[in-house]
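Student: What follows is the residue order along each chain.
2 protein chains.
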Amino acid sequence: MQNLNELFTPCLIVEKSKLINNIERLSSRIFKEKTKFRPHLKTAKCKKITEIFTKYFGSRAMVSTIEEIEQLKDCGITDFLYSVAIVPNKLKRIASCLSDNCQVTVSIDHISIANELVNFCKVEGCKISAVIELDFDGHRSGVRPNAEKQLIEIGKCLSDAGLFRGVMSHAGASYNLSNNQDLLKCAKNEAEQTLEAVRILKNASLSCNLVTIGSTPTVLTNYNNDAINELRAGVFVFFDLVQTGIGICNIEDIALSVLTSVISVNREIDAIIVDAGWMALSRDRGTSSQKTDFGYGQVCLEDGTIIEDVIVTGVQQEHGIIQVRKGSEALLPNIKPGDMLRILPNHACATAAAHDRYYVNDKITGEIEVWDKFNGW
Amino acid sequence: MQNLNELFTPCLIVEKSKLINNIERLSSRIFKEKTKFRPHLKTAKCKKITEIFTKYFGSRAMVSTIEEIEQLKDCGITDFLYSVAIVPNKLKRIASCLSDNCQVTVSIDHISIANELVNFCKVEGCKISAVIELDFDGHRSGVRPNAEKQLIEIGKCLSDAGLFRGVMSHAGASYNLSNNQDLLKCAKNEAEQTLEAVRILKNASLSCNLVTIGSTPTVLTNYNNDAINELRAGVFVFFDLVQTGIGICNIEDIALSVLTSVISVNREIDAIIVDAGWMALSRDRGTSSQKTDFGYGQVCLEDGTIIEDVIVTGVQQEHGIIQVRKGSEALLPNIKPGDMLRILPNHACATAAAHDRYYVNDKITGEIEVWDKFNGW
Numbered sequence: 001m002q003n004l005n006e007l008f009t010p011c012l013i014v015e016k017s018k019l020i021n022n023i024e025r026l027s028s029r030i031f032k033e034k035t036k037f038r039p040h041l042k043t044a045k046c047k048k049i050t051e052i053f054t055k056y057f058g059s060r061a062m063v064s065t066i067e068e069i070e071q072l073k074d075c076g077i078t079d080f081l082y083s084v085a086i087v088p089n090k091l092k093r094i095a096s097c098l099s100d101n102c103q104v105t106v107s108i109d110h111i112s113i114a115n116e117l118v119n120f121c122k123v124e125g126c127k128i129s130a131v132i133e134l135d136f137d138g139h140r141s142g143v144r145p146n147a148e149k150q151l152i153e154i155g156k157c158l159s160d161a162g163l164f165r166g167v168m169s170h171a172g173a174s175y176n177l178s179n180n181q182d183l184l185k186c187a188k189n190e191a192e193q194t195l196e197a198v199r200i201l202k203n204a205s206l207s208c209n210l211v212t213i214g215s216t217p218t219v220l221t222n223y224n225n226d227a228i229n230e231l232r233a234g235v236f237v238f239f240d241l242v243q244t245g246i247g248i249c250n251i252e253d254i255a256l257s258v259l260t261s262v263i264s265v266n267r268e269i270d271a272i273i274v275d276a277g278w279m280a281l282s283r284d285r286g287t288s289s290q291k292t293d294f295g296y297g298q299v300c301l302e303d304g305t306i307i308e309d310v311i312v313t314g315v316q317q318e319h320g321i322i323q324v325r326k327g328s329e330a331l332l333p334n335i336k337p338g339d340m341l342r343i344l345p346n347h348a349c350a351t352a353a354a355h356d357r358y359y360v361n362d363k364i365t366g367e368i369e370v371w372d373k374f375n376g377w
Numbered sequence: 001m002q003n004l005n006e007l008f009t010p011c012l013i014v015e016k017s018k019l020i021n022n023i024e025r026l027s028s029r030i031f032k033e034k035t036k037f038r039p040h041l042k043t044a045k046c047k048k049i050t051e052i053f054t055k056y057f058g059s060r061a062m063v064s065t066i067e068e069i070e071q072l073k074d075c076g077i078t079d080f081l082y083s084v085a086i087v088p089n090k091l092k093r094i095a096s097c098l099s100d101n102c103q104v105t106v107s108i109d110h111i112s113i114a115n116e117l118v119n120f121c122k123v124e125g126c127k128i129s130a131v132i133e134l135d136f137d138g139h140r141s142g143v144r145p146n147a148e149k150q151l152i153e154i155g156k157c158l159s160d161a162g163l164f165r166g167v168m169s170h171a172g173a174s175y176n177l178s179n180n181q182d183l184l185k186c187a188k189n190e191a192e193q194t195l196e197a198v199r200i201l202k203n204a205s206l207s208c209n210l211v212t213i214g215s216t217p218t219v220l221t222n223y224n225n226d227a228i229n230e231l232r233a234g235v236f237v238f239f240d241l242v243q244t245g246i247g248i249c250n251i252e253d254i255a256l257s258v259l260t261s262v263i264s265v266n267r268e269i270d271a272i273i274v275d276a277g278w279m280a281l282s283r284d285r286g287t288s289s290q291k292t293d294f295g296y297g298q299v300c301l302e303d304g305t306i307i308e309d310v311i312v313t314g315v316q317q318e319h320g321i322i323q324v325r326k327g328s329e330a331l332l333p334n335i336k337p338g339d340m341l342r343i344l345p346n347h348a349c350a351t352a353a354a355h356d357r358y359y360v361n362d363k364i365t366g367e368i369e370v371w372d373k374f375n376g377w
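So the sequences go chain by chain: A and B.
First residue of the first sequence? That's 1 in our numbering, and the numbers climb one at a time after it.
First residue of the second sequence? That's 1 in our numbering, and the numbers climb one at a time after it.
Mixed in with the good hints, there may be bad ones.
No distinction is drawn between identical chains; accordingly, a pair holds when it is met within one copy or between any pair of copies.
Listed below are the simulated DSSO-like cross-link pairs for lysine-lysine, each with C-alpha atoms no more than 27 Å apart in a straight line [said to hold, decoys possible]: (1) 122 / 336; (2) 16 / 127; (3) 363 / 326; (4) 34 / 122; (5) 149 / 373; (6) 188 / 326; (7) 127 / 326; (8) 92 / 373; (9) 16 / 188.
Keep in mind the hints are simulated off the structure, nothing from the lab.
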């Protein structure tokens with residue numbers, strides 16, 4: 001295929017050169033710091049993109065579902081870290097993924113689960129190693145980095161069984177920031193709190209081979225700490241409007257968009273109606289708390305040219321309402337039913353989740369490739 | 001399978017008896033009025049449920065995607081109405097669905113598209129009939145019901161080619177109401193405005209064989225108008241918290257829920273963390289503008305018992321945060337990692353869209369059946 005207008009809308013477009021630029025930007029940052037990098041596969045959920053990751057970053061990856069391990073274990077990844085605190089009834093499926101070329105590490109924040117993991121591995125004769133999940137802003141699961149008793153109890157239980165690998169934390173709070181100074185502070189805090197837990201464990205003779213932290217905004221700041229031996233990020237691969245608002249990318253860096261057809265023009269409310277509703281865009285409103293609110297997405301012409309101040313102001317299941325941002329003097333593009341537009345997403349993970357394939361626009365070859373993706377758990 | 005706790009979480013549960021009750025409730029209302037009913041397939045997107053619909057309602061159905069026609073045309077439906085205003089580049093795929101047992105009607109709100117449809121059918125030698133979409137609250141696509149010139153122009157163009165079928169409207173505004181009096185008014189307005197368009201067309205010798213209106217809230221009020229020959233509704237099949245807030249169902253009628261595992265208990269913020277985030281629940285916040293805000297969903301025990309005032313207060317991709325509703329004296333259930341809970345959704349269509357199958361809990365046989373569903377366009 002060579003033309004976007006041959007595609008059936010709504011569908012997901014990836015600009016290949018932007019995708020590669022985003023990966024190279026992260027790669028150059030990481031190699032400079034001589035720290036290992038573990039990309040999160042939950043954003044793209046795609047074999048082709050995972051294979052590109054292995055070329056740049058090697059054999060480590062983070063996942064948020066076991067489905068990601070099962071689907072992507074033949075793409076060159078041999079070391080999976082499963083980010084969602086494990087529960088016992090998921091261990092059997094993880095065990096069936098294990099091989100010489102597929103090691104899985106889970107995350108744990110409670111001694112009862114550590115005990116169950118140890119017991120499971122003994123009974124099944126398998127090895128599923130674990131990190132302790134840290135929670136340094138008290139927002140969800142995880143052990144507090146200064147919770148000495150809990151850390152040592154879990155660490156010792158895992159270590160005695162040969163399953164202890166280290167600690168993991170995630171600066172989720174970085175998503176609420178909007179300038180480099182705050183991001184540096186957040187990155188520093190993430191690293192230092194994590195290292196406090198590492199010290200506590202070390203004092204109890206529990207050594208952390210893996211000290212893994214990160215989020216796209218903190219990884220891409222200039223903060224560096226040699227005692228951290230692994231960084232993680234996910235959404236950097238596509239970027240999105242939320243990351244633009246945080247200030248960690250430009251709107252032109254966003255590699256993902258939804259191609260949509262104009263289905264009606266409503267002059268009464270000065271709106272263009274398109275066939276991309278919340279099914280295709282998601283209901284994510286991540287930019288609503290940022291300085292610039294993009295509604296449900298920024299509107300572009302079919303070729304990707306941004307139409308300043310024209311956004312998706314409303315969505316229904318299969319309808320998107322496009323209007324000029326309130327207070328702006330901008331005009332709607334002169335467009336008619338059947339024409340196509342593109343929408344840049346608030347949150348790439350959420351928009352990608354609504355689709356089962358990427359149409360990858362390679363401007364060098366002039367070809368549009370189809371890269372399958374998947375969803376589910 | 002016989003036990004919910006054998007299921008891999010997060011996943012979708014349908015209570016079969018509630019599903020059937022919801023369908024029978026609508027069915028008894030419709031047969032009383034001697035009006036045809038056209039269920040919307042976009043909510044469930046499921047062969048098994050479509051086959052049940054054909055038993056109760058016959059061979060008509062509404063769809064929001066062409067994928068729904070392709071997937072469901074062998075379930076007993078022979079008369080599909082495609083709800084999203086058609087654009088020319090979708091006609092080819094529709095044409096390839098047509099057969100003696102599969103008739104497709106599209107909706108149109110612009111003369112240029114009517115001309116293109118007529119031309120397409122002539123060139124391809126096929127028949128895709130059309131209704132004129134009416135917009136009586138000026139909110140998205142559609143022709144105003146009193147826009148005489150437009151109505152007659154489109155109607156005549158279609159009629160001359162033997163493709164004109166009638167008019168279609170949808171009382172989207174009914175979703176913002178919360179009492180029966182307003183719903184009755186809304187249903188009456190929907191019918192009367194639609195009939196105004198029918199009169200205008202009739203005066204121009206354009207006869208509407210199909211006069212189709214409806215939304216779950218307006219169809220389930222007691223309003224009746226014999227001049228309307230078809231009603232439509234979709235979400236009635238599962239119901240959800242938004243429909244509870246509108247007052248058209250009880251919370252006990254909701255047939256759909258997400259089964260989730262507790263992955264952590266955070267005493268610091270009095271929260272239960274579960275493995276159902278926005279990926280499994282959707283980001284729909286439909287109840288946020290209603291009298292009772294359910295956050296991202298109402299929490300129930302594994303057996304479906306509602307835990308009063310315990311709701312999902314936050315979601316990340318694969319994490320849900322469960323807390324007591326602000327200001328309530330209720331307590332969190334005494335629960336530990338590995339235990340299961342269920343979440344009732346704000347908006348059934350959005351939550352169902354995140355999954356690829358239903359686990360149907362049949363309390364009579366004691367079995368859990370798997371009913372596949374699909375997504376995409």
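Student: Which of the numbered hints are not met once you compare them with the structure shown?
Tutor: 2, 3, 4, 5, 6, 7, 9
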